[in-house]
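2 protein chains.
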Amino acid sequence: MTSQVWASSQEPVEGLGVAQPRWLDAEEQKAWRAWLYGSMLLADRLDRELTRAAGIPHAYYEILVQLSETPGRMMRMSELADRCLSSRSRLSHAVSRLQEQGWVRRQVCESDGRGQLAVLTDEGFAALEAAAPIHVEGVRTHLFDQLTPEQVAAMRDIGETLLKHLDPQTTTAPDARPSSSSC
Amino acid sequence: MTSQVWASSQEPVEGLGVAQPRWLDAEEQKAWRAWLYGSMLLADRLDRELTRAAGIPHAYYEILVQLSETPGRMMRMSELADRCLSSRSRLSHAVSRLQEQGWVRRQVCESDGRGQLAVLTDEGFAALEAAAPIHVEGVRTHLFDQLTPEQVAAMRDIGETLLKHLDPQTTTAPDARPSSSSC
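Chains as they are written, first to last, in numbering that gives the first Met the number 0: chain A, 0 to 182; chain B, 0 to 182.
Some hints here could point you the wrong way.
Said to hold, decoys possible - Just so you have them, the derived chain A footprint on chain B, three or more residues with Cβ under 8 angstroms:
1) 99-105
2) 110-117
3) 149-161
What the hints assert, rightly or not - Incomplete in silico selection of chain A near chain B, CB under 8 angstroms:
4) Pro20
5) Trp31
6) Met76
7) Val107
8) Ser110
9) Glu136
10) Val138
Stated by the list, open to error - With the C-beta cut set under 8 angstroms, the calculated list includes, among others, these residues of chain A facing chain B:
11) Trp22
12) Asp24
13) Ala30
14) Trp34
15) Asp43
16) Leu84
17) Arg87
18) Ser91
19) Val118
20) Pro132
21) Met154
22) Glu159
Hint data in this document are derived by calculation from the structure and do not stem from the laboratory.
For clarity, every value in this text was computed on a predicted model and none was experimentally measured.
Glycine residues also receive a C-beta, built at the ideal position from the N, C-alpha and C atoms.
When you get a sec, could you build the whole thing from the sequences and use the hints?
Next comes the structure, spelled out in structure tokens:
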């Protein structure tokens, strides 16, 4: 595969909207694959450890985090899906599971009567507070403990560069992402 | 949430297996979140573009890539799941979808009669070849075109550091991951 599909020597494939594929050379491939597999393994490890120790998959944890950071701890379902990079149907499924746990409830948006809000309950916030030490220990052990200060700085720099390209509304500080919990 | 659950000033939570949580300070939080959201947005963008243009979700593409790189273009289902960081049930579901497309077939492992192999078909390899230019263009546009050579080097360095920690069997070059297609 490596030599046949990725390498720079391959003939271009016509009719696919990419006239002249800019194949990765061997060094670029190594960089891309190290990043891809490293990111995947980190996400997988954090997810498994958090699920085992706190009973919360990482994707659900992120939903609780997003809700906890808004005024009133509530957000439109559509915005929540956007912020969690989730499809509407997948987010709806996740919120249903979180509802069963008593951690989130749904509420009709009063201002327009159509939109639906997801609201973090006190129990949900408590669950998040209980899970946070486990999560942060995973991030420490598997990321920060492994990296030098220079690598941490580079990690942030690369992350912010990607955010600027992929989510231009974001400022350079990702925790400054705008949030509108009003409806 | 930021100040309440992540900050270093928070009181430790007892009885959760993490006696003294090593909270992230403000700068560490920014680095972690930039990396997390940057990685998530990149994965999401590549997945959506590949699905729209080639009809292959990125996770399925990775399955085809893994199979294409083994001798005989086949792999035990269990190993394939490990290499794709997938649960057995999720991998089985994905392989069923790829079977319906005619891109993968299942085959009983002849040497022990118990294990099951996933085999990349010629049609599957052709689909991979057709999708590769689209995928590589996405990786170029959304990653390499955004980064300086120094950032690319740092990205590889960070990725390889994570791989060494999370997957010690891997050498420093991730494409040198051992593969055993024999059964």
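Hints that the structure is at odds with (numbers, increasing): 1, 2, 6, 7, 8, 12, 17, 18, 19
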